[in-house]
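S.K.: Listed below are the residues making up each chain.
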Amino acid sequence: GAGVSQTPSNKVTEKGKYVELRCDPISGHTALYWYRQSLGQGPEFLIYFQGTGAADDSGLPNDRFFAVRPEGSVSTLKIQRTERGDSAMYLCASSQQANTEAFFGQGTRLTVV
Amino acid sequence: GEDVEQSLFLSVREGDSSVINCTYTDSSSTYLYWYKQEPGAGLQLLTYIFSNMDMKQDQRLTVLLNKKDKHLSLRIADTQTGDSAIYFCAERSDYKLSFGAGTTVTVRA
Numbered sequence: 001g002a003g004v005s006q007t008p009s010n011k012v013t014e015k016g017k018y019v020e021l022r023c024d025p026i027s028g029h030t031a032l033y034w035y036r037q038s039l040g041q042g043p044e045f046l047i048y049f050q051g052t053g054a055a056d057d058s059g060l061p062n063d064r065f066f067a068v069r070p071e072g073s074v075s076t077l078k079i080q081r082t083e084r085g086d087s088a089m090y091l092c093a094s095s096q097q098a099n100t101e102a103f104f105g106q107g108t109r110l111t112v113v
Numbered sequence: 001g002e003d004v005e006q007s008l009f010l011s012v013r014e015g016d017s018s019v020i021n022c023t024y025t026d027s028s029s030t031y032l033y034w035y036k037q038e039p040g041a042g043l044q045l046l047t048y049i050f051s052n053m054d055m056k057q058d059q060r061l062t063v064l065l066n067k068k069d070k071h072l073s074l075r076i077a078d079t080q081t082g083d084s085a086i087y088f089c090a091e092r093s094d095y096k097l098s099f100g101a102g103t104t105v106t107v108r109a
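Chains as they are written, first to last, in the working numbering: chain Y, 1 to 113; chain H, 1 to 109.
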């Protein structure tokens with residue numbers, strides 16, 4: 001597609017449930033990133049994929065968070081046993097290579113009630 | 001570690017220039033970026049500057065970089081109502097972006 005696509009755009013879930021957030025990067029972009037943006041803050045790095053592998057997952061807050069990119073294109077961010085503190089905008093970005101400009105999707109706003 | 005700071009709010013009259021300031025700490029940053037975020041939306045890349053440049057101009061946008069002081073600014077000429085948004089400064093080291101908290105720009109008639 002023309003840009004980075006994220007689905008769903010909004011997700012409301014109950015505390016304790018499992019959620020999956022999807023990111024479809026720009027075609028041909030090998031690098032993919034997930035960021036989390038809390039209200040009133042700038043985005044914070046979660047994880048970086050180069051191809052299919054997670055090259056840096058140091059930003060994932062705990063082991064309830066996991067992300068995959070099995071074919072080197074679409075990525076899914078998975079959150080288990082959601083907590084109210086997980087409520088945030090989750091942003092995905094992609095770039096042609098790791099050291100080139102990153103283009104962001106519209107984000108998924110996750111609300112845990 | 002990285003730490004990017006910005007002023008939180010800016011109010012400007014339509015037609016005037018806006019100047020948004022940012023300081024960063026990572027001297028190894030290769031590129032510095034300005035992103036725009038409208039309500040409920042993702043980030044739109046506005047412009048960027050390579051760390052060995054002092055200035056970059058792109059239509060109404062002028063980026064100034066003082067590498068010695070680690071100070072970055074974005075000037076928007078002839079500010080329009082459509083420029084109302086949150087503006088994020090970001091530094092990149094390798095593949096990772098570190099963002100400031102954002103400056104909310106409000107354009108008043």
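Read the hints as simulated data drawn from the structure, not as lab findings.
One thing to keep in mind: the hints can contain errors.
Stated by the list, open to error - Below, in silico cross-link-like pairs of lysine-lysine (DSS-like), each with a Cα-Cα straight-line distance of 27 Å or less: (1) LYS56(H) to LYS96(H); (2) LYS68(H) to LYS56(H); (3) LYS70(H) to LYS56(H); (4) LYS78(Y) to LYS96(H); (5) LYS36(H) to LYS56(H); (6) LYS11(Y) to LYS36(H).
S.K.: Please go over all the hints and tell whether each is borne out by the structure.
M.R.: Evaluation of the provided hints:
Using a Cα cut-off of 27 Å, the hinted pair LYS56(H) and LYS96(H) holds, with the two alpha carbons roughly 22 Å apart. Distance check on the hinted pair: LYS68(H) and LYS56(H) sit about 17 Å apart at the alpha-carbon level, within 27 Å; holds. Pair hint LYS70(H) plus LYS56(H) holds up; C-alpha atoms about 16 Å apart against a cutoff of 27 Å. Taking the CA atoms of LYS78(Y) and LYS96(H), the gap is about 21 Å. The hint holds against a cut of 27 Å.
Distance check on the hinted pair: LYS36(H) and LYS56(H) sit about 17 Å apart at the alpha-carbon level, within 27 Å; holds. A distance of roughly 23 Å separates the Cα atoms of LYS11(Y) and LYS36(H); the hinted pair therefore holds under the 27 Å criterion.
Checked against the numbered hints listed earlier, the structure breaks none of them; every hint is satisfied.
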